[in-house]
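Please build the complete structure, drawing on both the sequences and the hints.
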Amino acid sequence: MKVSTYQAMAAIGQTIINNKQFLSDLDAAIGDGDHGINMARGFEAVGAKLQSLGPDKDMGTILKTVGMTLITSVGGASGPLYGTAFLRAASLGQGKYELDIETALMMLAAAITGIKERGKAVRGEKTMLDALEPAYDAFVEGAKTDKSMIECLESACEAARQGVEFTKTIVATKGRASYLGERSIGHQDPGATSSYIMLQTLLDCSQS
Amino acid sequence: MVGVVIVSHSQKVAEGIREMALQMARPGQQIIAAGGMDNGSIGTDVIKVSEAIMAANTGDGVVVMVDLGSAVMTADTALELLDEEVRDKVKIADAPILEGAISAVVEASLGSNLESVVETAQGARNFKKF
Chain R
1 MKVSTYQAMA
11 AIGQTIINNK
21 QFLSDLDAAI
31 GDGDHGINMA
41 RGFEAVGAKL
51 QSLGPDKDMG
61 TILKTVGMTL
71 ITSVGGASGP
81 LYGTAFLRAA
91 SLGQGKYELD
101 IETALMMLAA
111 AITGIKERGK
121 AVRGEKTMLD
131 ALEPAYDAFV
141 EGAKTDKSMI
151 ECLESACEAA
161 RQGVEFTKTI
171 VATKGRASYL
181 GERSIGHQDP
191 GATSSYIMLQ
201 TLLDCSQS
Chain G
1 MVGVVIVSHS
11 QKVAEGIREM
21 ALQMARPGQQ
31 IIAAGGMDNG
41 SIGTDVIKVS
51 EAIMAANTGD
61 GVVVMVDLGS
71 AVMTADTALE
81 LLDEEVRDKV
91 KIADAPILEG
101 AISAVVEASL
111 GSNLESVVET
121 AQGARNFKKF
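Residue numbers (the numbering used here), protein chains in the order written: chain R, 1 to 208; chain G, 1 to 130.
Be a bit skeptical, because a hint or two may be false.
Derived coverage of chain G by chain R (criterion: at least 3 residues anywhere in the stretch with Cβ under 8 Å from a Cβ of chain R; other residues may be distant) [said to hold, decoys possible]:
1. 14 to 25
2. 44 to 50
Some chain R residues flagged as far from chain G (calculated, every beta-carbon gap over 10 Å) [claimed, not checked]:
3. Ile71
4. Leu81
5. Glu154
With a cut-off of at most 25 Å between alpha-carbon atoms, the simulated PhoX-like pairs for lysine-lysine come out as follows [as the list claims (entries may be wrong)]:
6. R:Lys147 x R:Lys2
7. R:Lys2 x R:Lys64
8. R:Lys64 x R:Lys49
9. G:Lys129 x R:Lys116
10. R:Lys174 x G:Lys91
11. R:Lys144 x R:Lys20
12. R:Lys144 x R:Lys64
13. R:Lys20 x R:Lys168
14. R:Lys116 x R:Lys174
15. G:Lys89 x R:Lys120
16. R:Lys120 x G:Lys91
17. R:Lys64 x R:Lys20
Hints in this document: simulated from the structure, not taken from any laboratory. A virtual CB, placed ideally from N, CA and C, is assigned to each residue, including glycine.
The following block contains the structure:
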């Protein structure tokens, strides 16, 4: 991939900020309506931190900066969740400057494990895991059939998109949306949506 | 005495619970409110919580009372930022935040150890209002 981790993180931040209202609107339907606001606040802080860090650091340092900044600035559940995900991925990127398929897979797996541990959640509970786990499975499948990084990422994004659609059909049992019970059906999960947006941005900036 | 940290998404809720709990406290008892974000908006702040835990710990440990959902995750994450020796003396109570905080403060004021304070706080789950 030609895009650097630094550029990818900046692009993800910008897309999340651009989708602030959309994500908050999704959250307002079934939660406390702050997912977009929180995520945008987090990634604005990430942008500032990255700028002072500079683009020449290894993937580990960049991802760790993203993770720590999200943890300390988001303010909602997504802070510790995404923060932990980026921190877990960071530990696999120490001293590395280029992302290969094997490392990408390990990072994605570590990030998902981090989210599961932090949120004590599993797939099927209308959370970000409903986008991320199918994405990971598709990535694994792509890697097995010797697809390129971009092709793997394309399959992962499509799986994540379908995962987001799937969240419309299930009841939320985690987070604020769980108070709504059956009434959460019909709405897509904001966390799954932001996970999908991040993966899609990664793909978009890898292709450009 | 075991310290008590109150983690709420709302600064006002955390401070209000602290105010109520203080009525049952003994002098010198550490009850710290860690509510809201740095700028006072709704949310939970990992750094604020970890600093509150350190401030509440006088050596006997700290029980952390939490409100909804992500307050638990924030408290968990805050624990990871602490030194191991402090972390081992901190427990998050699975209890209603107001009733639990007051129960914890009363138990702690008797000089009970961390395990007893957590148990009493969690016992607040069974309170009947009438």
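Now the hints, each set against the structure:
Counting residues of the region 14 to 25 of chain G whose beta carbon lies closer than 8 Å to any beta carbon of chain R gives 0, which falls below the threshold of three, so the coverage claim is violated. Check result for the region 44 to 50 of chain G against chain R: holds, 4 residues qualifying (beta carbon to beta carbon below 8 Å, three or more required). Here isoleucine 71 of chain R does not stay apart from chain G, with its beta-carbon only about 5 Å from theirs, under the 10 Å limit. Residue placement check: leucine 81 of chain R does not keep its beta carbon more than 10 Å from all beta carbons of chain G (closest about 7 Å).
Interface exclusion of glutamate 154 of chain R from chain G stands, the closest Cβ pair being 32 Å apart, more than 10 Å. Of the supplied pair hints, the one linking lysine 147 of chain R and lysine 2 of chain R holds, its CA atoms being roughly 17 Å apart against a limit of 25 Å. For a cut-off of 25 Å, the pair hint linking lysine 2 of chain R to lysine 64 of chain R stands: about 21 Å separates their Cα positions. In summary, the hint linking lysine 64 of chain R to lysine 49 of chain R is supported, as the alpha carbons are separated by about 11 Å, within the 25 Å threshold.
Note on lysine 129 of chain G and lysine 116 of chain R: the hinted pairing is violated, with a Cα-Cα distance of about 36 Å set against a maximum of 25 Å. Between lysine 174 of chain R and lysine 91 of chain G, the direct Cα distance comes to roughly 22 Å. Compliance with the 25 Å bound is thereby established for this hinted pair. Only pairs whose Cα atoms come within 25 Å are accepted, and lysine 144 of chain R paired with lysine 20 of chain R is rejected, the gap being roughly 36 Å. Under the criterion of a C-alpha separation no larger than 25 Å, the hint pairing lysine 144 of chain R with lysine 64 of chain R is inconsistent with the structure, at around 29 Å.
In summary, the hint linking lysine 20 of chain R to lysine 168 of chain R is supported, as the alpha carbons are separated by about 20 Å, within the 25 Å threshold. In summary, the hint linking lysine 116 of chain R to lysine 174 of chain R is supported, as the alpha carbons are separated by about 12 Å, within the 25 Å threshold. The straight-line distance between the Cα atoms of lysine 89 of chain G and lysine 120 of chain R is roughly 22 Å, inside the 25 Å bound, and the hint therefore holds. Straight-line distance between C-alpha atoms of lysine 120 of chain R and lysine 91 of chain G comes to about 17 Å, which keeps the hinted pair within the 25 Å bound.
At most 25 Å may separate the alpha-carbon atoms for a hinted pair to count; lysine 64 of chain R and lysine 20 of chain R meet this at roughly 23 Å.
Hints 1, 3, 4, 9, 11 and 12, counting from the list given before, are not met by this structure.
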